[in-house]
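J.: Sequence:
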Amino acid sequence: MSLRMPGPRRHKKTGVYYLRQRAPSDLKDFPMDGKVAIPVGDIIRTVKAGATVKVSLDTKDPAEAKKRHREADAALHDFWQRFRQGFQPLTTKEIQALAGILYARLGDMMDSEPGEEGIWKAVLRLNKGKEEGGELDRWFGPTVDELFAEQGVNVDPLSRTRVVHAASKAIQLAAETNLKKARGDYSPDETRKRFPNWETERGKAQPVPRAAGNLNLFALLDHKFATQSLKEKTKSDYARDLSKFVKSSGHRNAQDVTNEDVRKWRDELIAEGLSPSKVAQAGNAVALTEWPKWIVRLGRRAFVVDERAPEGLPLRR
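With our numbering applied, the sequence shown has no gaps in its numbers, which climb one by one up to 326 at the end.
Please keep in mind that the hints were generated in silico from the structure rather than gathered at the bench. Treat the hints with care, as some may be off.
[Claimed, not checked] Computed spacing ranges between beta-carbons, pair by pair:
#1 S34 to L133: 44 to 50 angstroms
#2 A60 to G127: 21 to 27 angstroms
#3 R19 to T100: 42 to 48 angstroms
#4 E269 to G59: 31 to 37 angstroms
All C-beta atoms in this analysis are idealised placements derived from N, C-alpha and C, irrespective of residue type, glycine included.
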């Protein structure tokens, strides 16, 4: 059995490449009706996350399309992984930190040219009316959902409601600050100090961010291709096998891979009826990427299948 490594698609009429992928089969029962932030070149594009996700890569160049597709695909994979992990409640401090992002953006965006006083007076009246009319979710909800997608947050319904209310307050405060600027008052922004730093709060609950470009398995494989003289068919075979491994393990980042992941994949290949030599050949895709040394040894040994010992050689981390 073979699996074609997914790649960018090209629009027949415009020639522009795009990504189009279905949600993983194990997520078919999840409410995939949110939004996902996809990097496209130097911008972040927020698109609907349904049973199928589609986003333009904004390029007609095949090489650039492959690069952008790889980055977009990694972001999409991370999004689906968060769905697998389930909803995550937010603390009060985290909620205020997220609201602070919106406050800072509105203030910074209009810093040099805040416009006329009347604009911000109208904004303050409008937002207050939405609050009094019980329309906060309809008015601010889409902005909050885009913020969640951009920051990689998958929250429970109660946390979302709390963020919507905090966001409405933050945007009102930002409008008041911009009103002062419109009047010529550029005194130090004391209001900004009330909001915690989101990156700091997120860092307390999550591992230290990793350099995805260096540890993404496909990026590692591309690096090895650039430093080794390999036939195109060999490269295609390696990419196909690595794609199968990623689908099996659910991991694209080298640091997330465990020896159990490699064992599982090896056993799946054996179950497909592949000969020991073919199984070992598939393992080259793992070894070739040369992620941390322990996984290199793992990759080189996990696929040495001794017919007298179906479990293969023992693996050590």
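J.: All hints are to be evaluated individually against the structure, with a verdict given for each.
T.: Results of checking the hints against the structure:
For S34 and L133, the Cβ-Cβ distance of about 49 angstroms falls inside the hinted range of 44 to 50 angstroms, so the restraint holds. Evaluation of the 21 to 27 angstroms hint for A60 and G127 yields a failure: the beta carbon distance comes to about 46 angstroms. Here the CB-CB span from R19 to T100 is close to 45 angstroms, well matched to the stated 42 to 48 angstroms. For E269 paired with G59, a C-beta distance near 32 angstroms keeps the hint of 31 to 37 angstroms intact.
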